[in-house]
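Turn these sequences into a full structure, and let the hints guide you.
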Amino acid sequence: MPEKKPNRDIFTVDTSKYDFKDPERYVYKARKGLSREIVEEISYIKGEPDWMRELRLKAYEVFLKKPMPTWGADLSGINFDDIIYYARPTDLPARTWDDVPEYIKKTFERLGIPEAERKFLAGVGAQYESEVVYHSIRKDLEEKGVVFLSMDDGLKQYPDLVKEYFGTVVPYDDNKFAALNTAVWSGGSFVYVPKGVHVDFPLQAYFRINAQNMGQFERTLIIVEEGASVHYIEGCTAPVYAAQSLHTAVVEVIAKKGSHVRYTTIQNWSRDVYNLVTKRAVAYEDAVVEWVDGNLGSGVTMKYPAVYMLGKGARADILSIALATKGQHQDAGAKAVHAAPYTSSTIVSKSISKDGGRSSYRGLVRVYPGAVGSRSSVRCDALILDEHSRSDTYPYIEIEEEEVDIAHEATVGRIGEDQIFYLMSRGLKESEAYTLIVLGFIQAFTKELPMEYAVELNRLIELEMEGSVG
Amino acid sequence: MADLEIRNLRVAIEGKEILKGISLALNKGEVHAIMGPNGSGKSTLALVLMGHPKYEVLEGEVWFKGQNILELEPNERAKLGLFLAFQYPVEIEGVTLSHFLWTAYRALHGNGEARISPQEIKVFRQRLKENLKKLHLDESFAQRHLNLGFSGGEKKRAEILQLLMLQPEFAILDETDSGLDIDSLKIVAEAVQSLRGPNFGALVITHYQRILHHLKPDFVHVLADGRIVASGGPELAEELEKKGYRWLTEAQGV
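Here the protein sequences come in this chain order: S and D.
Sequence positions in the first sequence follow my numbering and run 6 to 475.
Sequence positions in the second sequence follow my numbering and run -9 to 244.
Do not rely on the hints blindly, as some may be mistaken.
Here are the computed distance ranges between Cβ atoms for each label pair [said to hold, decoys possible]: (1) Ala415(S) <-> Tyr78(D): 21 to 29 Å; (2) Gln116(D) <-> Glu169(S): 55 to 63 Å; (3) Tyr401(S) <-> Ile3(D): 42 to 50 Å.
Everything labelled a hint here was simulated from the structure, so no lab data went into it.
No residue lacks a Cβ here, since even glycine has one placed at the ideal position from N, Cα and C.
Written as structure tokens, this is what we have:
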């Protein structure tokens, strides 16, 4: 590949001194499709160090070579040539409020989301102003030495840290979509929590996305040092109107000895989106990693938050819900890999299928030789609300150690006439009775959410049950 | 016309006729007991009055507050002031008893506004506390998931707690006494007894007479093979206790 741009050697010097984003000097034009040239351009515009550019290019090659996965949801509708992989905020096509689909507007209204925020979430108009809140949080964090930046800024300000950990949990050649993300990533969060520091309020990507970091190929890296703790939250219950029909993120979490990390996601992408996400954590000795993962939106989701327990006594808790309605396939689950003695994992998955939706639980529990005394408990419950909907369970258990305690339990339920009658006899309308049962079904998930998220999630499910969404 | 009037009610399930023409007139301020052997149609009557969809009404009417309630959904009947204490309450995971009571209370007594006054919540909480105490239940009981893992006796008490909290005008108690030990039976019966007054009526369905010792009925009816075969005062229940049901059913040629 011949060099097309002038003097790239300067990137290897000190990237933080230069502003390569200066639009006066370099012109980038957002366009559809992906090529080696576009990958190079992305890296170039961001003013990245060489190693990142090379990593992107290697990943791009892997992306081209790897076949589409055929073991999960149907991905045949993805047209890689019809996607804009990178666009600066100023390049985005101007959209107006009129372009936003009616059901999304209605949902905003019924969720009581403020006007300014609605426009932001819908991808039209100005940023949502929560800068004041964000700044005060940032000051508090800085005093503790906590880093909470966009991934782009993280790379600029902490290049060594990023280089040390980036791609170590999810390698660039891990799978086709991790490769794609590595090649074109933009946005996402970089979080670093120093030894022994407890961040006592959730870090919410929600605040930061206001600074237009909400890419659809975002990359998040969270490093939590020994004995530290953090709760990171991304996404929101309000529907997100996507510019592109593909959301391919990678999240890497490194939980050092004795640390505690919780990562909460609620995704509600618009229904035309393929949501293909690789989320993985490594947990060292006595570390606890918790994935709390809610999937409401998108057309097709494939997401299996994973924890690799590499140190003795490490623990993984993976709690997820999926709601699949008309035209949706939620293929979600969990992976727990026991690679050290006395590790334990708990997987709880709850899925709801209605109006022809399909939800699948796909999970893996793997115990390596030597992981003696490990325990794993998997429970997946499916609730099917009508005859047209579907639920499947694909639990994989691979155990190469004898001294372990593994439990798997799966239930498939339908709401019975007697349950509805009982609730109606107490004054609830039929739809309210169904809603109450569904909310009760996912209560184990909801109670783990911060209050405002729980309230919004419940409200959103009420709307779904009333049939007033979508 | 009586406050709650059942006229010639005939009901079938899966083509089989269970109730073969029931007529009863109940007024507020009264407690009626319906007794009868197993399989006589007692529970069917309770469920049909509340509107269970599995039953087919062949004939008859049930008038309450100027409406034939057989045409109404169960929630509409509840809203009119009808309540059924279930013989077999269902379990609902993830819904606490207190949340459920509040939801039901709002559905029945709310004015349709989303706004809730703090005062309203305060009063509700206070009443919940008092009623739990009345039923000898710990306050933590209200935080358990609705009927989930409740013992037989706890389920029955939870039904009566709902009765106390939701304040209906007419309650049907479907074998609330079955499965209760003597102490629990007394607690439950006394709680129902405390509701008695000019604005409350009850239809107590029971197989045994023992709940009627605590909850003195004004009228006793005997149901056998889908028909009321005898009606009388409280003395009828005592007679049944001594003689059993056979003398009545035989007299009717059933």
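- So the hint says 42 to 50 Å: do the beta-carbon atoms of Tyr401(S) and Ile3(D) match that? holds, 45 Å
### Query
Is it true that the C-beta distance of Gln116(D) to Glu169(S) lies inside 55 to 63 Å, as the hint says?
With Cβ atoms ~60 Å apart, the hint holds.
Given the hint of 21 to 29 Å, is the C-beta distance from Ala415(S) to Tyr78(D) inside that range or not?
About 26 Å separates the Cβ atoms of Ala415(S) and Tyr78(D), which means 21 to 29 Å holds.
In this structure, none of the earlier numbered hints is contradicted; all agree with it.
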